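Participant: Starting from the two chains in their separate frames, assemble the complex, guided by the hints.
The listed protein sequences correspond, in order, to chains A and B.
Using our numbering, the first residue of the first sequence is number 13, and each one after it goes up by one.
Using our numbering, the first residue of the second sequence is number 20, and each one after it goes up by one.
Rather than coming from a laboratory, the hints here were simulated on the basis of the structure.
Take these hints with a grain of salt, some might be off.
To be verified - Residues from chain B that keep clear of chain A, each with C-beta distances beyond 12 Å, as calculated: (1) Glu66; (2) Val68; (3) Cys81; (4) Tyr87; (5) Pro116; (6) Ile144; (7) Thr243; (8) Leu261; (9) Lys269; (10) Lys274; (11) Glu279; (12) Val285.
Claimed, not checked - Computed cross-link-like contacts, PhoX-like style, restricted to lysine-lysine with a CA-CA straight-line distance of at most 20 Å: (13) Lys172(A) x Lys127(B); (14) Lys259(A) x Lys62(B); (15) Lys347(B) x Lys242(A); (16) Lys141(A) x Lys105(B).
If you're wondering where the values come from, they're calculated on a predicted model, not measured in any experiment.
Cβ atoms here follow ideal geometry from the backbone N, Cα and C, with glycine treated the same way.
What follows is each chain in one-letter form.
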Amino acid sequence: MKVIVCVKIVPWLGLREIDLKIGEPLMINPADREALEAAKEIKKRNRCKVITVTVGPKKSKDVVKRVLSMGAEEAYLVEARENDFYPRTTACLLKKIIEKIGYDIVLCGEMSLDWRNSQVNSSLAHMLKIPFLNFVDRLKLDGKNVLVRQVFENRAVWLKAKVPVLLTVKKNVFKPQLPTAWQIAEAFKKKKVRVFKPSDLGVDPDLLEKSRYIVKKAHFPLERRQKAIKNLEEASAFILEQVYRFKSGS
Amino acid sequence: MMIQNEFHREKYILTWIDTEALYPRFAMLNMLKKLKELAEAKKMFVEAVFFDFEGTDSKKECARYARYVDLISQVNINGGCLETIKEFFLEKINDNPPELIVFPYCSKGIHFASTIACELGRGVINGCVGVKLREGDFVFLKTLYGEKVMLQVLPLEKPFIVTFKPFAGNLERKTFFKEKACVEEKNVKFLSRKLKNRIKLVKKEKLSQKDRPVDTEVTFYGGTGLKTKENFKLLKLTAEKLGISISVTKDAVRKGLASEENVAGVGRRKIFSALTVLFGVKCTYENLGCIKSNVLIGVSENDQDPVFNFVHAKIIADPSEVLKHILKELE
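The following block holds chain B by itself, in its conformation from the complex (with noise of 0.2 Å):
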C-alpha cells in the first residue's frame, strides 16, 4: 500500500522502519529527521519501508512517519520471516538503485545491512552517528576513540550502506530529554519517580535559549578582539545576512561589549557547528573547550595570538576591517 506516490526525483535514499529496534520510537523518528535534512540538501527524496508481520492494518502507524518521509511503503508480509524481507529490499535495490541505503542500528538492522552488502558486494559503516556530503561524495561520522572520525567505504560506488546510530556520542538526547521535559510538565502525575526527579533537575538547571548548544552548520564566534559595541552589531548584522548563528565569549560579555544572550564558553554553551569563524579571539583555554568544530578559521590583528596555533586558515587583520569587507560583498 502506497501512501504518497507522486516523486519524481530520481535519486533517493532508502530506509526501513523498524518499529522493535533496539532504540525507541523517537530514535527513529531523529533518524528519519536527519535523513530529510540531508536529502533536501542534495535534492533527493526518502523512501521508507514498514513491514507489518502480523497482518493487522497499521496505517495510523504509517502516518505516524510520513510526515518524516517523501515516499512510505507500507508491505504486509504476514507468516514471511526475515528472508522475506532481504528478498524484497534486494529486488528493489536491483530495480532502481539508491544513493544510500540506512538501517537503524539493531539486531536486525546489523544483520540486513551486511547480508545486503555481501550480495551486492558492497561495503558497511555499522554505527554511524552521522552522515554529510563533501565534495558531492556520502562522509559517515563514526565514534573511535571517543573522537568524531569521518569514513568513506572504497571504491566510491553506490549504493552505500549504513546502519545509523542516532544517539551515540551527541549532545542530542539530552536536548530531546529537556524540550520534552518542558512539554510534559503538565503531565509529571503519569510519569516515574525518575523521570519526575530528572524534570526536577532540568527546571533547576534554569533552561533557557542561552543554555542550549549551537548546532548550525556555520557559526561566528567573537570575542575582545572586535574591541567596541558597534562591531559586535556588525557581527550580528552580517551572520543574519548570511543566515548563521553567532557566539560571544564570556570575556566580551563581562567587558560589556555584548549582551549575555549569545554568550558560549566553558561552563555555558557550546558550538557543534562544522565551521567556525573566530574573530578578535585569542583562543585561551576557556575559548577553545567550548568549541567541537572540525574546521576553524582564524582572524586577529596579532599574528602572535594562540589562536593561530589551532586553526586551518590563519587571516591576520582587523577583524572589524574584514566583517565590513563581507557586508560590501553582500550588499
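Next up, chain A with everything else stripped away, as it sits in the complex (with noise of 0.2 Å):
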C-alpha cells in the first residue's frame, strides 16, 4: 500500500511576509509535517510505503531531504516556475506526480502557513476524482477500508470510506517528532530526492495557464497623501467626501 505526503515548502515564519515568490529561509508547513506523522503511524500498523510529494522551487531540494530525515521512504520535487505556485495549478501537477507514482491513501495538511486557504487539498481531490474527508482527528486501516474521526465543536463522527481516499489531517493532533541528527545525516547521504519538470509529467501548459487565478492583496482604498490640506472649505470637502464613501460602502 502506498501512502501518499503532500508537503509544502513555505516561506520561514519569522519572515512575516506575505507572499507568493517564495524567498529563502524556507521550512516545511507545520501542518503537512502532521500530515507525515499521521503516515508514520498508519505505517506502525500496516505494511505500507511512505511517500511525499512537493511542488516547489529548485532551492527547495534540501529542504525536501529534511522530509526524507523525517521518516519518509521516498520523496519526489516537481520543480515549478514562479508563475505556478497557485492552488489549481499546484493541484494540477500533484495529480500528475501522484497518478505516475501509484496511490492508495493521499494525507495532506490542513492548510499552509502562507496563505491558509486550505484549497489544494479539495482541489486535488476533485481532480483525482476520489473521496474527500478533511480535519480528521484519528485513522485506522481496515483491510482496504479506512475508518477516520472527525471531531466537531459538540460532537465526534466515525466515518469509513474505501481506498483510494484523501484525508486531511486536523492541526494540532499528530505531534510531528524531530529527527535526529544521525537520520539527518542519512538522509542527506543515501536518499536522493527524484526531481521533475512539469514537461516530463507530460503536463499541458495551456491547462496550467487556464487554472492560474491570483489572490492578492488588495489596494488600500485611501492612498497616503504627501501634501497636508491647509483650507477649510477643501478640508470640510474632503472629509464628507470621505465620510460618505466609507457608509455607502464603496
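Facilitator: Printed below as a string of C-alpha cells:
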C-alpha cells in the first residue's frame, strides 16, 4: 500500500511576509509535518510505503531532504516556475505526479502557513476523483477501508471510506517528532530526492495557464497623502466625501 | 418548496445553510445577518438553500433562517449524497450566475467551495472573516499573521466563491456572550456551571453602553485639541447629522470637556470603524491603542503633532473651524 503525503515548502515563519514569490529561508509547512506523522502512524500498524510529493522551486531540494530524514522513504519534487505556485496549478502538477507514482491513501495538512487557504487538498481530490475527508482526528486501516474520525465542536463522527481516498489531518493532533542528527545525516548522504519538471510529467502548459488565478492583497482604499490640506473648505469637503464613501461601502 | 418567491432584483448572493456545520447555529445566523447588510448596501438579495437529508418536514427550521435572508429554498434530497448537492448548485449557477457564493467554513463547505470553483474555473478564498465592497468590487477580509488583510481574486470575474468564518479574530463572539448572558439571566439554573461562572464574570465587568466597542463604518474621535465644551457639542451635533458614532479621549473626559458615556481609549472601549476622523487628538499611545480602523484622517492645529505620522490624510487647521464648515455644508 502506498501512502502519499503532499508537502508544501513555505517561507520561514519569522519573515512574516505574505508573498507568493518564495524567498529564503524556507521551511516545511507545519501542518504537512503533522500529515507525515499520521502517515508514519499508519506505517507502524500496516505494511505500507510513505512517499512525499512536493511542488516547489529548485531551492527547496534541501528542505525536501529534511522530509526524508523525518521518516519518508521516497521524496519527489516537481520543479515549477515561479508563476505556477497557485493552488489550482499546484493541484494539477500534484495530480500528475501522484498518478505516475500510484497511490492508495493521499494525506495532506489542514492548510498552509502562508496563505491559509486549504485549497490544494480539496481541488486535488476533485481532480483525482476520489473521496475527500477533512479535519481527520484519528485514522485506522481496515483491509481496503479507511476509518476516520472527524471532530466538531459538539460531537465526533466516525466515517468509513474505501481506498483510494484523500484525507486532511486536523491541526495539533499528530505531533511531529524532530529527526535525530543521525537521521538527518543519513538522509543527506544516502537518500535521494527525485526531481521532475512539468514537461516530464506531460502537463499541458495551456491547462496550467487556465488554472491560474491570483489571490492578492487589495489596494488600500485611501492612499497616503503627502501634502497636508490647509484650506478649510477643501478640508470639510474632503471629510464629507470620505464619510459618505465609507458609509455607502464603496 | 419556496417560502418566499416574489423577488425581482437581478443580482444576488447565494449561500448554503448547513445545520451540521462546524460552528453552532448562532454563528450561521450571524453570517446571514452580515450578508444581508452587504446585500442591502448594493441592492442585491440573499438566496439561501437548505438541504433536507432525512426527508422530514423542516419548515420550522427554515423559518428560523428566513428572516435573515430574502429567499430561502428547501430542497428534499432524501437518500441523496453530497454529489447531488454539488449538481444542484452547478445547475443553479449556470442558470443564473450570482455575484457571490458564500459557504460556511466547515468540512463540507470547504469541499463544495473548491469543487464548484474547480468546475467553474474560479478562485476561492477560504476562512474569510468579512466581505466588503470597495469601488464596486468585492474585497474579502482574512486574518493572516494576526492581521486583517484585504484580499481580491483576480481576474475579477463573477461569481466570487468564499467560505466564511464568522467568529475569527473579531469581538462579536464576546459581545454575543455578553448580550446572551444579559438576556438569559433568568434561566441561569438551566445553564452549565461553566457558563454560570462566565455570567458572574460578565456581571462583575459592569456591562454598560460605554464598554461596548464602536463598530459603525465611520467614527469621529474628539480630543483635547477641541479645547471647549461647546466644540465637543458641535462634534456630537455633526456626528448625529451624518448618522455616525462619536468617541472622545480619556484626557478630554478627565478635563471635564466631554461626558464619560462616549469615552474610548486603552482599557476602555475600542473603535472598530473602517474610517476614523481624529479631531484634535495628539495621538499618544493611549489613543492609538484603541483605534483598529483601516483609514485615519487627522485634523489638528499643530503640524508637529505625532498624529500626522500615522494618518492617511493630514488636515492642518483648527478642528472646531473644520466642524463648523462641515455643519454649514450640511445645512
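Participant: Look at each hint and say if it fits the structure.
Facilitator: Here is what the structure says about each hint:
1. The claim that Glu66(B) lies off the interface holds: its Cβ sits roughly 20 Å from the closest Cβ of chain A, which is beyond the 12 Å cut-off.
2. Annotated as non-interface, Val68(B) keeps its C-beta farther than 12 Å from every C-beta of chain A; the closest such distance is 20 Å.
3. Its beta-carbon lying about 22 Å from the closest one in chain A, Cys81(B) satisfies the requirement of being farther than 12 Å from that chain.
4. Even its closest Cβ contact with chain A, about 19 Å, leaves Tyr87(B) beyond 12 Å, as expected for a residue assigned away from the interface.
5. With 12 Å as the threshold on Cβ separation, the claim that Pro116(B) sits away from chain A holds: the shortest Cβ distance comes to roughly 17 Å.
6. With a least CB separation of 6 Å from chain A, Ile144(B) falls inside the 12 Å interface cut-off, contrary to its annotation.
7. With a closest Cβ-Cβ approach of about 20 Å to chain A, Thr243(B) is found to remain outside the 12 Å limit, as its non-interface label requires.
8. A beta-carbon of chain A comes within 12 Å of the beta-carbon of Leu261(B); the shortest separation is about 6 Å.
9. Every CB of chain A is more than 12 Å from the CB of Lys269(B) (nearest about 24 Å), matching its label as outside the interface.
10. In this structure Lys274(B) is separated from chain A by more than 12 Å, as the shortest Cβ-Cβ distance comes to about 25 Å.
11. Non-interface call for Glu279(B) relative to chain A: holds, since the shortest CB-CB distance, roughly 25 Å, exceeds 12 Å.
12. Residue placement check: Val285(B) keeps its beta carbon more than 12 Å from all beta carbons of chain A (closest about 24 Å).
13. For the given pair, Lys172(A) sits about 16 Å from Lys127(B) by alpha-carbon distance, which is consistent with the 20 Å threshold.
14. Only pairs whose Cα atoms come within 20 Å are accepted, and Lys259(A) paired with Lys62(B) is accepted, the gap being roughly 15 Å.
15. Straight-line distance between C-alpha atoms of Lys347(B) and Lys242(A) comes to about 18 Å, which keeps the hinted pair within the 20 Å bound.
16. Straight-line distance between C-alpha atoms of Lys141(A) and Lys105(B) comes to about 14 Å, which keeps the hinted pair within the 20 Å bound.
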